[in-house]
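A.B. asks: One-letter residues, chain by chain:
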Amino acid sequence: MSRYLIGRVGQALLVLWGAYSITYFILYLLPGDTLSIMLSASGMEADSLSVEDLAKARAYYGLDKGLFEQYFDLLLGALRGDFGQSLSLNRPVADLLAERLPQTLSLAGLAIVLSLLGGIGLAYLTAYLRWQPLKKTLARLPSLGFSVPVFWMGLLLIQVFAFGLGWFPATGSKGVESLVLPAITLAIPSAAVYAQVLQRSFQGVWRESYIATAYAKGLSRGQVQARHGFKNAALPILTLIGLQVGNTVSGAVLVETIFARSGIGRLAQEAVLRQDIPVVLAIVSVSAAAFVLVNLLVDLLYPWFDPRITHTPKVS
Amino acid sequence: MNMLEQNLGRKTMSASPGLWRRRSRLQRVTATLLPLLRRPGFSLALLVVVFSLVAAIAPHLLSSFDPYATSPVDKLRAPNLIHWFGTDELGRDLYTRVVFGSSLSVLSAFLAVGIALLGGLGLGILSGFAGGRVDAVIMRFVDVLLALPGLLLALAIVTAIGFGTVPVAIAVGIGIVPGFARTTRAEVLRVKTLPYVEAARLGGASWGRTLLRHILPNAWGPVAVLATLDFGAAILATAGLSFLGFGAAPPAAEWGTLIANGRHFLITAPWVSLLPGLFLVAVVFSLNHIARTFEETQR
Amino acid sequence: MNALVDIRQLSVRYRHGNTAVNRLSLRVAQGETVAIVGESGSGKSTLANAILGLLPDSAQITAGQLWVDGQDLTHASERQKRALRGRTIGLVPQDPMVSLNPTLRVGQQIAEALILAKGKRYPAVDADIVELLQQVGIDNPVLRARQYPHELSGGMRQRVLIAIALAGNPRLIIADEPTSALDVTVQRKILDHLQRLVSERGISLLIITHDLGVASDRADRILVMQQGELVEQGAPRQILDAPQHDYTRALIAAAPAFAKRREPLIHIDPMIEPILSLKNVGKTFALPKVKGEDNTFVALENLSLEVYPGQTLAIVGESGSGKSTALRIALGLEKPSQGQVWFEQQDVTHLSWRDFRPLRQRLQLVQQNPFAALDPRFTVFDSIVEPLVSFGLLKGPALEQAARELISRVHLPASYLDRLPRELSGGQCQRVAIARALALKPGLLLLDEPVSALDVSVQAHILDLLEELQREMGIAYVLVSHDLSVVANFAHEVLVLRNGKVVEQGSVERIFNHPANEYTRELIAAIPGRHVATRAA
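Sequences listed follow chains R, G and W, in order. Just so we're aligned, residue 1 is where the first sequence starts under our numbering, counting upward by one. Just so we're aligned, residue 317 is where the second sequence starts under our numbering, counting upward by one. Just so we're aligned, residue 616 is where the third sequence starts under our numbering, counting upward by one.
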């Protein structure tokens, strides 16, 4: 087990390092002229500066060093928690992240809980129902769920619940009630994915032979579903939760923009708009870290849910 | 696939009209498609998708208005018989703008899925087929790409190469690559171990022949379904990016930009952003429905 | 006396399609053992589900009555049917490997049945679990109750399922295909055990099986079903000795256990060289390293065999015996760790795939699962001629001519060349696979369990076809099988493998009439239907 743990953690770190490197490559090497992007992000025009000033600026941004030196400086900094200076806001990126992170974490946390409740609830209900027309309608609902763009859903909810009914504030990041609409918006696509996967999984499980065994014992349909169907059907969801972290982060960018919440996602949108390269790099790295961490946890927890999986080598 | 079809075609022609005659590929495709078309849901979905494709290629066939013609008198009109979707803040016909917006949105989705198919299929086939170290390296690379949330990866790419429809499409396409690579690899690995592949090998078929004639055609199904699904996802993602303001510059309009523009009038004229959004939902939902129907018939 | 199960003129129909059970009547008295025999599609499983009250939503009872323990199930509510399940009727399902919930401990699954039977949770439940496990013959029941199904062997899982069926003290147990998933010797022990338990308690047993042999060994009465109808019923003796219906006669003729032994064929000319010979072949696999354990696994040890043209050699063994490894080595798919493989007087042990390729024209394989052996996208024509195309032997009209000849060789009409595998039955698929293997005119065919996935009557036809091909074309066969009864009627030479070692080797006559080894005797004794067959002789 411990050997597996070390290997798995090592793999996670490797993936994280790879993610950081790819993002660095995209942001620092892909543009033809990184310096002029950085200058314009800080509010200066590259053309209006003299040659000496340009050289000074180059040194200031650390662009005068060799490629590898630049990369390792940034990487070491990131490891120490120092992501450099924001170009447009002129503040350390780490401070910005620390300030904005709680907003996004509470939003994403609530959204994940809601999506699990909604998705699993819908699929459970679909599997339990026997009246075909309703069953079929509910089975189509998830694909509608992820056909709806997050930003449009947000606008619709604002229109109905904020402007129409006045139950929740339309925008802002103060108080719990301001969290409700954004969290629901963010939860819908993930809930749709969970529901769809679980519905299919239930379809497969109902055909399993052990379900017949359970019925033959004299259990009722509800008991069979709860004790024998659900746990087996829900196993694929576990891996999905890890994979959905990425989608939740992506969605947060849109949701925070629509609802004007000051979280990481909004920061990302603003940073991209101003081409604030260090901030973008930091946000992508932090999201990748969250993804890697959650997936690591899911992998380590998996044997606890599925007794067939063990992390010790076995002789068959 | 093309080579395969030509191959089959040649055989069909050379077949002498003896006791039996090979059914052509077309006959077989129609035989599977016809019962599907009888399902009203599938036909409707197909109609919506075809409509958006026509709108992308020849928008002037579907609307007589000029998408850029402003008319301050008619601004923010509610939907009526002349302006089916109403008008926007400059009095432009919204339906026409949606129809003309198709070309940017649909074509960028095509570009994105094309990139994803090219990259994903290539990596997946190589990985599943070669196995061993090559497989391990490619899969680690895919893991890394997977760890980067799609939209953020796209944002990083857009930051680096600039705003606009094409960069956004490229960014979205790269974001879908890992999913394709994984599915393709899984399918290739699954088909590779099936008895008929072993039978073909024992019958003297080379690996190249086995790959082209047995593994790829049989692995193709789930990948095609994923491509259809991801076509919808790509439309959503490009719309999302243009909603954030990284897409086409005005007055050109993608679906995402149309929705974004309308949000300023949400209280007074909700249709300006909600109706183009509804159209977008219809297209993506239709794509999902088609993908799902194909998936069900494959089983 | 009232029968426990009394079915009168019962018809069950599926919503989109055929009538699965048609006007069937059946009585099972308390303590009686009844076997329902039928091939796939005969409606025997639908009948079992109807008795359990577990018909799928798509099936409907359209006529007749179904009385179980004084209640008519055709009009019973779900609640009434549920009260019967477990407490009046127990089920031993078909495949023990997939019939236990993988995420619940064995003890919990038995406890569930016990608690349901008692109506509520009670304190002695743990003791009852252990006692039940002991009764069904499981050692160390305290430990086993805490384990998960995947930690138990197939035989043990089957025993656990019997324990679950017994937990509610039922008056009837339905055993669905109890002989299909496990090794023959294991299966025989478990069935003996089940019968003992059932007769001790006076429980009725309803065996659903495709195997006339099993039915005649175990049942007081046999019912033969064909396409939803009861064609014949009676005591085993009566059915076997004086079958009234044509279908029953066909089944008996097809059942290998009752068929005639094959004539010892051609004496082998000492001048003829063997087409294939394995010399002291062994195979070891490396296992993942675990401290304190041997990290190699010996799959095959010191195997020598010779196959002569026109002769059939059978390799017999249960799962894990190394028979598949032997086959893969003979095919060149696997390299042996020791020893040599000679094919047509040529040492092929260390040939690369490329060097081996020309030899493949002389050496072909017929696989186990005929549905999976054909590419679902290839028409029969494409499949059959593929080896010819791969080797670039024929083209155009000559290729079509070859396809026509091959398909008539396996007795299928030429119009089938146009079909896809999914439009064929299992037996037809296997014929196509055989035609494909014949395309290159091989000298040796390796048959990997060629009939184990097929219905009994279809098995007989395929075996007949193979025999005919051997007579006409002089092909040699290596038959790998777990089923001694198939081997008995088909092979000339038999080789018995167990745990990678050769147990016994000799002519089919000698092995069956004078088995020298204890294990061989056990295998022969486990062939179903031998009770009656030997008594009759």
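Hints should not be assumed to be uniformly reliable.
Covered stretches of chain R, as calculated for chain W (at least 3 residues, CB under 8 Å) [claimed, not checked]: (1) 202 to 212; (2) 222 to 234; (3) 296 to 309.
In short, the hints are calculated from the structure, not lab data. Ideal placement from N, C-alpha and C gives every residue a C-beta, glycine not left out.
A.B. asks: Could you check the structure against the hints above and give me the numbers of any it violates, in ascending order?
C.D. replies: none
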